[in-house]
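Asks: Now for the letters of each chain:
2 protein chains.
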Amino acid sequence: MNREFKREEHVYTSDAFDEIIKDTIRFFNGTPVIKLPPPVKFHGTGVYAIYFIGKGNLYADLALKNRIEFSMPIYVGKAVPRGWRQARNETHSSNKTFELNGRLNEHTRSIEQADNLIIEDFYCRFMILEDAASSLISTVEAALIRHYKPIWNSQIDGFGNHDPGKGRYNQAKSEWDVLHPGRPWAEKCSGIAPDINRVEEKAAVYFTKQKSK
Amino acid sequence: MNREFKREEHVYTSDAFDEIIKDTIRFFNGTPVIKLPPPVKFHGTGVYAIYFIGKGNLYADLALKNRIEFSMPIYVGKAVPRGWRQARNETHSSNKTFELNGRLNEHTRSIEQADNLIIEDFYCRFMILEDAASSLISTVEAALIRHYKPIWNSQIDGFGNHDPGKGRYNQAKSEWDVLHPGRPWAEKCSGIAPDINRVEEKAAVYFTKQKSK
Numbered sequence: 001m002n003r004e005f006k007r008e009e010h011v012y013t014s015d016a017f018d019e020i021i022k023d024t025i026r027f028f029n030g031t032p033v034i035k036l037p038p039p040v041k042f043h044g045t046g047v048y049a050i051y052f053i054g055k056g057n058l059y060a061d062l063a064l065k066n067r068i069e070f071s072m073p074i075y076v077g078k079a080v081p082r083g084w085r086q087a088r089n090e091t092h093s094s095n096k097t098f099e100l101n102g103r104l105n106e107h108t109r110s111i112e113q114a115d116n117l118i119i120e121d122f123y124c125r126f127m128i129l130e131d132a133a134s135s136l137i138s139t140v141e142a143a144l145i146r147h148y149k150p151i152w153n154s155q156i157d158g159f160g161n162h163d164p165g166k167g168r169y170n171q172a173k174s175e176w177d178v179l180h181p182g183r184p185w186a187e188k189c190s191g192i193a194p195d196i197n198r199v200e201e202k203a204a205v206y207f208t209k210q211k212s213k
Numbered sequence: 001m002n003r004e005f006k007r008e009e010h011v012y013t014s015d016a017f018d019e020i021i022k023d024t025i026r027f028f029n030g031t032p033v034i035k036l037p038p039p040v041k042f043h044g045t046g047v048y049a050i051y052f053i054g055k056g057n058l059y060a061d062l063a064l065k066n067r068i069e070f071s072m073p074i075y076v077g078k079a080v081p082r083g084w085r086q087a088r089n090e091t092h093s094s095n096k097t098f099e100l101n102g103r104l105n106e107h108t109r110s111i112e113q114a115d116n117l118i119i120e121d122f123y124c125r126f127m128i129l130e131d132a133a134s135s136l137i138s139t140v141e142a143a144l145i146r147h148y149k150p151i152w153n154s155q156i157d158g159f160g161n162h163d164p165g166k167g168r169y170n171q172a173k174s175e176w177d178v179l180h181p182g183r184p185w186a187e188k189c190s191g192i193a194p195d196i197n198r199v200e201e202k203a204a205v206y207f208t209k210q211k212s213k
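Protein chains in written order, with the numbering used here: chain A, 1 to 213; chain B, 1 to 213.
Chain A on its own, in the form it takes in the complex:
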């Protein structure tokens, strides 16, 4: 047990893996884009992207990028199997669950509740990853976020947040909720909220960076 410690003995590398991630992203970018919310209830877990094509001031650059194709998501997220982190869902294949569908519906509600967003400006694309492939979910989500750096993932925090629940409303409103007020539970958050001017400034910085690429 007292052999010498050699860092390199612990380092894993795989070229084949890079290829697979590219393959999933290519598949993802080939899935049909649909309006939010999904038109029918469907089961499964996976990864999704939300696109904005509105003419709003703040996201004008984004709408421009998406003018002729859905090329820049405003948000990327995942829906993992229930109990997945704890390895508790041994019976997952027998009961159909609706995580991805549910997540897209939650996001629809957030957008509808925001005073200054309308659901008609939002579209989504999603990829179902089930059974063995469900362990790809986090990897693909991370790769998509790293690749696109969507503004609601990388710059404006809070879109994907949930109601913190009773006894926890002492926390601060998120940047997203400052920018898009309206979610009833967010309005209950009594902590010191980020300054709206600073949040708008952050959004502007994001688009400046994007342009310089």
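FYI, nobody ran anything at the bench for these hints, they're computed from the structure. Note that the coordinates shown come from a computational prediction; the quantities given were computed from them, not determined experimentally. Incorrect hints may appear among the rest.
Copies of one chain are not kept apart here, so a pair can be met inside one copy or by any two copies together.
[Claimed, not checked] Below are the DSBU-like pairs computed for lysine-lysine, each with C-alpha atoms no more than 30 Å apart in a straight line:
(1) Lys188 / Lys166
(2) Lys22 / Lys96
(3) Lys35 / Lys6
With the hints as your guide, set chain B onto chain A.
Replies: Coordinates of chain B only, in the frame set by chain A:
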């Protein structure tokens, strides 16, 4: 935009991916096992497993399984790049960070602070996943947890918890902290803690299930 919704257009499958996960796990299981804490400071992110070889009553079955090889971890975890979820770590390769090393040191502290555990009974194994391979971290961690179902992941919650911090000590002590009292911040948690008999019962159920396999 009003084409028919077809679920199957959204489902991704990949056999090559299953092979890669098996390859990473095989590599992981071939990495050297070392005592906790790591003997030298090393940089990087990745996945780790902690093994228990003590003679304690509660985990006697585990020690038995690990008598001639490290075959059943008590806990599996990951250390991801800082800012990884938000895609903010653009400069990650230039600054060396020590997430994995830090996580193993935190766990060492938790074990040392527990009244009824001793660090000499604990070993670990870890795999560094960096650069592109860092997006494999969550997938490999999940696969290892699903495969081994370590008791501190799947049955007894709370080992990996952090100090909730000022203003949040109204939450309950975790199952792990009930079973292994001693972490100073856990002792401050004033919520209704799980009953120790019930937690011990849960541990017993875990080992019964393991045996029946």
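Asks: Which numbered hints are broken by the structure, listed smallest first?
Replies: none
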